[in-house]
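J.: Using the sequences and the accompanying hints, generate a full structural model.
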Amino acid sequence: MNKDKEQVRLLDLEDGRTGIIISITGGKMLTKRLADLGLSTGTKIKILRKTPFSGPVQVEVRSSKLVLGRGLAYKIMVEIQ
Amino acid sequence: MTEGKKINIVLAGQGNAGKSTIFNYLTGLHQHTGNWAGKTIEKFEGTLYYKGYTIDVFDLPGIYSLTTYSVEEVISREYIIKQKPDVVINIIDSTNLERNLIFTLQLLELECPVILALNMVDLALKKGITIDSAKLQKIINAPVIPTIASRGSGLTDIIDKAIELKEGKTEYRVPRYGKEIESRIEDLSQYVKDVDLPYPSRWIAIKLLEKDRDIVTNIRGKDPRILKEAGEAIYRLEEIHGHDSSVVISDERTLLASHITREIVNIRPHRKLSLNEKLEIITTHKIIGYFIMILILGAMFVGVFSFGNWLSSLFESVFQNWHEWWNNELGTTLTAALGWAAVESVLALVQIALPYILPFYILLYILEDWGYIARISFLMDNFMHKMGIHGKGCISFIIGLGCNVPGCLSCRIMESKRERFITAVLVTLVPCSAVSVIIFGLVGKYVGLLWALGLYLFAMIVIFLTGKLSSKFIGGEPVELIMPMPDYKTPNLKTILYETWDALKEFIYIAAPIVIISGVFIQAINLAGWMPAISSFLSPVTEKWLGLPAVTGILLIFGILRKELILVMLAAYLGTTSFIDVLSPQQMITLSVVSMFYVPCVATISVLWKDFGWKKAMAVCILEILFAIAIAGIVKRALDLVF
Numbered sequence: 345m346n347k348d349k350e351q352v353r354l355l356d357l358e359d360g361r362t363g364i365i366i367s368i369t370g371g372k373m374l375t376k377r378l379a380d381l382g383l384s385t386g387t388k389i390k391i392l393r394k395t396p397f398s399g400p401v402q403v404e405v406r407s408s409k410l411v412l413g414r415g416l417a418y419k420i421m422v423e424i425q
Numbered sequence: 353m354t355e356g357k358k359i360n361i362v363l364a365g366q367g368n369a370g371k372s373t374i375f376n377y378l379t380g381l382h383q384h385t386g387n388w389a390g391k392t393i394e395k396f397e398g399t400l401y402y403k404g405y406t407i408d409v410f411d412l413p414g415i416y417s418l419t420t421y422s423v424e425e426v427i428s429r430e431y432i433i434k435q436k437p438d439v440v441i442n443i444i445d446s447t448n449l450e451r452n453l454i455f456t457l458q459l460l461e462l463e464c465p466v467i468l469a470l471n472m473v474d475l476a477l478k479k480g481i482t483i484d485s486a487k488l489q490k491i492i493n494a495p496v497i498p499t500i501a502s503r504g505s506g507l508t509d510i511i512d513k514a515i516e517l518k519e520g521k522t523e524y525r526v527p528r529y530g531k532e533i534e535s536r537i538e539d540l541s542q543y544v545k546d547v548d549l550p551y552p553s554r555w556i557a558i559k560l561l562e563k564d565r566d567i568v569t570n571i572r573g574k575d576p577r578i579l580k581e582a583g584e585a586i587y588r589l590e591e592i593h594g595h596d597s598s599v600v601i602s603d604e605r606t607l608l609a610s611h612i613t614r615e616i617v618n619i620r621p622h623r624k625l626s627l628n629e630k631l632e633i634i635t636t637h638k639i640i641g642y643f644i645m646i647l648i649l650g651a652m653f654v655g656v657f658s659f660g661n662w663l664s665s666l667f668e669s670v671f672q673n674w675h676e677w678w679n680n681e682l683g684t685t686l687t688a689a690l691g692w693a694a695v696e697s698v699l700a701l702v703q704i705a706l707p708y709i710l711p712f713y714i715l716l717y718i719l720e721d722w723g724y725i726a727r728i729s730f731l732m733d734n735f736m737h738k739m740g741i742h743g744k745g746c747i748s749f750i751i752g753l754g755c756n757v758p759g760c761l762s763c764r765i766m767e768s769k770r771e772r773f774i775t776a777v778l779v780t781l782v783p784c785s786a787v788s789v790i791i792f793g794l795v796g797k798y799v800g801l802l803w804a805l806g807l808y809l810f811a812m813i814v815i816f817l818t819g820k821l822s823s824k825f826i827g828g829e830p831v832e833l834i835m836p837m838p839d840y841k842t843p844n845l846k847t848i849l850y851e852t853w854d855a856l857k858e859f860i861y862i863a864a865p866i867v868i869i870s871g872v873f874i875q876a877i878n879l880a881g882w883m884p885a886i887s888s889f890l891s892p893v894t895e896k897w898l899g900l901p902a903v904t905g906i907l908l909i910f911g912i913l914r915k916e917l918i919l920v921m922l923a924a925y926l927g928t929t930s931f932i933d934v935l936s937p938q939q940m941i942t943l944s945v946v947s948m949f950y951v952p953c954v955a956t957i958s959v960l961w962k963d964f965g966w967k968k969a970m971a972v973c974i975l976e977i978l979f980a981i982a983i984a985g986i987v988k989r990a991l992d993l994v995f
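In the order they appear, the protein sequences are chains Y and P.
Each residue of the first sequence is one higher than the one before, counting from 345 in the numbering used here.
Each residue of the second sequence is one higher than the one before, counting from 353 in the numbering used here.
Careful: at least some of the hints might be erroneous.
Below are the DSS-like pairs computed for lysine-lysine, each with C-alpha atoms no more than 25 Å apart in a straight line [stated by the list, open to error]:
{"id": "1", "chain 1": "Y", "residue 1": "Lys394", "chain 2": "P", "residue 2": "Lys738"}
{"id": "2", "chain 1": "P", "residue 1": "Lys479", "chain 2": "Y", "residue 2": "Lys394"}
{"id": "3", "chain 1": "P", "residue 1": "Lys624", "chain 2": "P", "residue 2": "Lys824"}
{"id": "4", "chain 1": "P", "residue 1": "Lys478", "chain 2": "Y", "residue 2": "Lys409"}
In case anyone wonders, no lab produced these hints; they're calculated from the structure.
T.: Next comes the structure, spelled out in structure tokens:
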């Protein structure tokens, strides 16, 4: 793993930035559900926008748009690209 | 031509891929909706007559995967496996090809004849995406047909292809995954081969590696030794890949889907933002987005009520002499009186509920087809989380504003049982159009519009607090929102009209029988002369605690059938629609508050009953009655200080 690449929570990634998922901490059901939508470790993910007042985040994965709950965005660690 | 050959086809695909547009185009008015056995999930079935064939078309629910998270997924998968349709048409959103292909791969695993409909190719082209469908066809070894469902283009090609598939012999050459995974699947399917189950053995092997609950249980009953083999394979997979085997399999599909996408897709990015992209930025904006949402929902509300009032009074003038005519023609016998009760119930449904529900549905489906409803879920997710559910619950609330029945039915989009229940309970507290008739007819008209709006605000606060309390009481973690965001697109008129028609039909099917039976029943009680006894029995609550006229006891009983009946019966009882002569402003407000919360109507109760069992349904009713009486009494006392 590249050392000068910073790792942050998906939630803390700024709008418009892209990261690569390095881990998802969550139950089996959750990780499986995400995997079925094409989200798992190694996937490139771009933050399109966040909502204020700790709302969900809108992301782009595999050129399609998804909305993820904030709690979920907190559980996903990404490596900033 | 009645002796034509039969073909059975199934439409499958993710939500927002244009499945219902294609279904409506193919089957037109030859549709019948029902429910899947034992479920409150709608089953859409239609028939198409084409080139001497009778083609039965089934529309499966829009799903994202063929696992067992939701009832819809189980139903879809069981249908394809057990009913063995002649052809499965997989409708794909071309603008989200890669994600849709993951689902396609799952379908192909089932080894059924699949045709891919690459839908919305026009929108994909607009985004600079071109897809080599011939190459895709070669890779997945199944016919691929580009379509534009909104214009009907490509749809007859699909049917021609389906006939061809049915007539010819198809061999399945399912796309293979990576060598390592594929050898595990291969090994395991050797063990499964002789098991007596109606599924393809390769599919069973994959599902075992995915630890699919249903399949594991099935196999345990047949040959538990296979589970041991599967366990070993799972252990190896997890050892090599470092995460759960079910995720390994999903990743394998994703990898293949993304590989295929790279092979067939050519994207020419364009610098200029399209109108829809600009719209996207504005409508999901941190601040402006909320203003726009309030504006759109407010306009919808005003639109529904001004149109509803107009249509309702039109019906009123049409129906006004019917009772007299009935009495003149049939006399005033007991049967005639009971018969009139049945007729009147239907007329009241047409006159009071329909005028509001119809425009409401049309506007709702315009917003839905346009793609705005998903934006509301996005914007409201945080607020909904405070009530222990996620953003999608907001959709049920909005539908509930029209009518609680479809509002409760729509709760099935929530992922867990816990969330379905909480959302449904909260929906029963949302003032439906019938309650709005009371609020506007009494408070809005005689006390002031601000008071009426204040009541809505009050309802919102109650819903919010109830949500907070019930999620605490029921416990459990709220499920996180995971929702695909469809691109905005021009709403399709045909789709909107079909959806509206379906929703209206469903409403009528559920509401009409209950309304007629209960209407006759209550008229019977009335004719038996028991009404005064009932109202005096209830007077400690109505008169003493709530400060309302004793007659409201009976009205509230009528209101269980349909809430607007409270107002209708009040008018009938008093012989006037000038309510200000008989009710003081605080009585009007108190009566509205009771009506809002005191109990869901019969039709809604029946949905709760079906979905959650009679115990929970009854518990909700009793709690809401107690709560409504308590809160209305408090409101009355507070109002005494104001007026």
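J.: Need the list of violated hint numbers for this structure, in ascending order.
T.: Hint 3 is the one this structure does not satisfy, whereas the remaining hints hold.
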